[in-house]
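**Student:** Sequence order for the protein chains is A and B. Note that this note's numbering has the first sequence beginning at 30, numbered continuously upward. Note that this note's numbering has the second sequence beginning at 1399, numbered continuously upward.
It is worth saying that the hints were derived from the structure and are not from the lab. Be aware that a few hints might be false.
Unchecked claim - With a straight-line cut-off of 27 Å between C-alpha atoms, the simulated DSSO-like cross-links for lysine-lysine are:
hint	chain 1	residue 1	chain 2	residue 2
1	B	K1569	A	K274
2	A	K58	B	K1402
3	A	K39	B	K1402
4	B	K1587	B	K1572
5	B	K1402	A	K258
6	B	K1569	A	K72
7	B	K1402	A	K72
8	B	K1569	A	K146
9	A	K193	B	K1505
10	B	K1587	A	K146
11	A	K146	B	K1572
Unchecked claim - Some chain B residues near chain A, calculated using beta-carbon distances under 10 Å:
hint	residue
12	K1402
13	G1406
14	N1410
15	A1501
16	K1505
17	I1506
18	R1512
19	A1513
20	L1514
21	M1538
22	S1541
23	W1542
24	K1545
25	S1598
26	V1613
What the hints assert, rightly or not - Here are some chain A residues the structure puts well away from chain B; computed CB gaps all over 12 Å:
hint	residue
27	M30
28	I33
29	S40
30	D113
31	A116
32	Y168
33	F214
34	I222
35	N242
36	N244
For clarity, every value in this text was computed on a predicted model and none was experimentally measured. We put the CB at the ideal spot given by N, CA and C, even for glycine.
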Amino acid sequence: MWQIIAESVKSPNHPLNQDAKKYFIPKDKEYVVVAVADGHGSKKCFRSNVGSEFAVEVLINNFRQHFSSNKFDNLQAGFSGTKDNLAKTIHRQWMEKVRNHLANNPFSPEEELIDVKVLNNQVISYGTTLLGALIAKNYIIYLQLGDGDILVVNDKEVTRPIPKDENLIANETYSLCDKEADSLFRFYYQPVIGQLPDLILLSTDGYSNSFPNDNEFQKTALDYNNLYKEEGMSFIRKNISGWLKDTTVHGSGDDLTAILVFKTSENESATKRETNITN
Amino acid sequence: METKRPGGVLSNRPLHFIWILDVSGSMEGDKIQSLNYAIRNSIPAMKSVADENPNAEVLVRCITFGNEVKWHIGTAVNVADFEWQDIQAGGMTPMGKAMNLLADQLKIPPMTDRALPPVLVLITDGQPTDDFATAYQNLMQESWAKKAVRLGIAMGEDADTAVIEKFIGNKEIKPLMANNSEQLVSFIKWASTAVVQAASSPASQLKDEKVTSNVPIGTMPDVSNLSQDVVW
Chain A
30 MWQIIAESVK SPNHPLNQDA KKYFIPKDKE YVVVAVADGH GSKKCFRSNV
80 GSEFAVEVLI NNFRQHFSSN KFDNLQAGFS GTKDNLAKTI HRQWMEKVRN
130 HLANNPFSPE EELIDVKVLN NQVISYGTTL LGALIAKNYI IYLQLGDGDI
180 LVVNDKEVTR PIPKDENLIA NETYSLCDKE ADSLFRFYYQ PVIGQLPDLI
230 LLSTDGYSNS FPNDNEFQKT ALDYNNLYKE EGMSFIRKNI SGWLKDTTVH
280 GSGDDLTAIL VFKTSENESA TKRETNITN
Chain B
1399 METKRPGGVL SNRPLHFIWI LDVSGSMEGD KIQSLNYAIR NSIPAMKSVA
1449 DENPNAEVLV RCITFGNEVK WHIGTAVNVA DFEWQDIQAG GMTPMGKAMN
1499 LLADQLKIPP MTDRALPPVL VLITDGQPTD DFATAYQNLM QESWAKKAVR
1549 LGIAMGEDAD TAVIEKFIGN KEIKPLMANN SEQLVSFIKW ASTAVVQAAS
1599 SPASQLKDEK VTSNVPIGTM PDVSNLSQDV VW
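Based on the provided sequences and hints, a complete structural model is requested.
**Tutor:** And the structure:
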C-alpha cells in the first residue's frame, strides 16, 4: 500500500548531521508511521543530534502503541483529549530519555563551559523539533512541533495539513526541550474518505529554506510524485541523496532530511517484511 | 538518463544589512569624512565574508537622517556589487522618522519569512530631535525588527547612548563608543564582517530566548590597542 524513502544529508557547514529520521511498517502493512526531527545545532544545543534521535524514536513508539490499542479509531469527534495526552506522553518520554542520557553521560568539562544557562538546564543541549505522521487505511494523523514542513499531494494538488507557523522566522523554533513543549504540538486528524494521498512528504526546514518561496518548494512534492509514476522507486532511491546535497549546497546550507511516503497498490509494494529503519 | 533535481529554482537565504546613519549638521567635517571612509574601507572584508557564506545572500541598504530622511541606498544591493556613495551632513537629527522608514521595509512583504536575521546598524553623534520613542515602539511591532541583530555606534561623547541602548534592546550588547576615526573603522569593520558571519549561520535557535539575541555575535571588538585620543 505504501513505499517509503527516507534520506538525510549533512550541511556542508556543520561538523555532524543533527537531523534524525525513522519509519515503521508492520508486517500486516495496516499502517505506516514516519518521523523526522531537526536538532537545533546552535551553540547551546550541542547534543541535539542525540535529542533528535530520541524524538523520532519516542514518536514512532507512541504512534505504534496507540494504533495497537485502537486509540485512534473513530476519533474525529473526540481527538482533542487524545492529542493532548499524546503530546504530554511524547514530551515526558523524550525528557526521560534525555535525563537518562545525561545521567550516563554527564557534561564534559568543555561542555560545562559552553553556556551557564545550559549548565543550569542541561536538557536545552538536546533541543529538537519533531514532525510525524501515522498513515492508516481510514485516517491519517499529522503532528508537528516547531519548524519543518509536511506536504501532501493529491492528484496534482499540494496541500499543507498543518499550516506554516508565521511566528517562526529567523531560525527560531519551538523545541522539545521547552518545559511547555506539550502545549506547542500541532495535530491534524484527517479521516480518509475515498482516495488516500498520492504522496506525503515530511522534511526539516533546511529543505524549504533552500527555495525562494513556498511555490518553488512545493514543486518538489509534485516532481517526486511524477518521478515515482514515470521512473519508479529505484530511480528516486538512487538519486535522492545527490539531489538533497545539491539542494543544501545551493540553498539553505542546513542539514536536510526528507521522508517520502508514496501510495502504491498492494501488488506494487516492495515491502516484504517488517521494516524498522533508522538513519 | 535525465536526473533533474525535484523542485523549483534554488536560492540562498537573504541577509539584509542596513546602515542607519546620522547625517545631521553636527556630523559635518571630520566625522562625516571618517564615516564615509570607514564604510568604504569595510566593503572588501564584507565581500570576503559573504563569499565564505554561499548560503547567505548579503544585501546592503542605507538610510540617512538629517536635512531629510531617505534611503541613501534604497534598492537592496548584493554586497558583491556594493559601492559606497559618499554622504553629506546637514540639518537636524530626525531619528524617529528614520525608524519609521526602516519599519516599512521590515514588514512581510517586502521581507520574506525565510530570510536570515537582518543586521541593523545605527550610527549617530547626537540625540533625536523628533519622537524617537513612539517610532521605536512602532518599529518593534514588526517581527523582523524584533529578530534583527541591532547594533549602535556612538560617534563622540555627545551621542545619546541611552537612545542607542534602547535601539539595541539587548543588555548583553552595549553601544560601541568611537572617539576617533581609527576606532570607528574598527567598529564598522566588525559590524560588517563578524556580525554578518554570525547572522548568516543557519543554526536554529530556541524561540523567545529573552536574554540574548537569537544570533550569537561573539566578542565585541577590542580597541584598546588603537589610538585612545578623544577627537570627537
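**Student:** I'd like to know which numbered hints this structure contradicts. Please list them from smallest to largest.
**Tutor:** 1, 2, 7, 10, 15, 16, 21, 29, 35, 36
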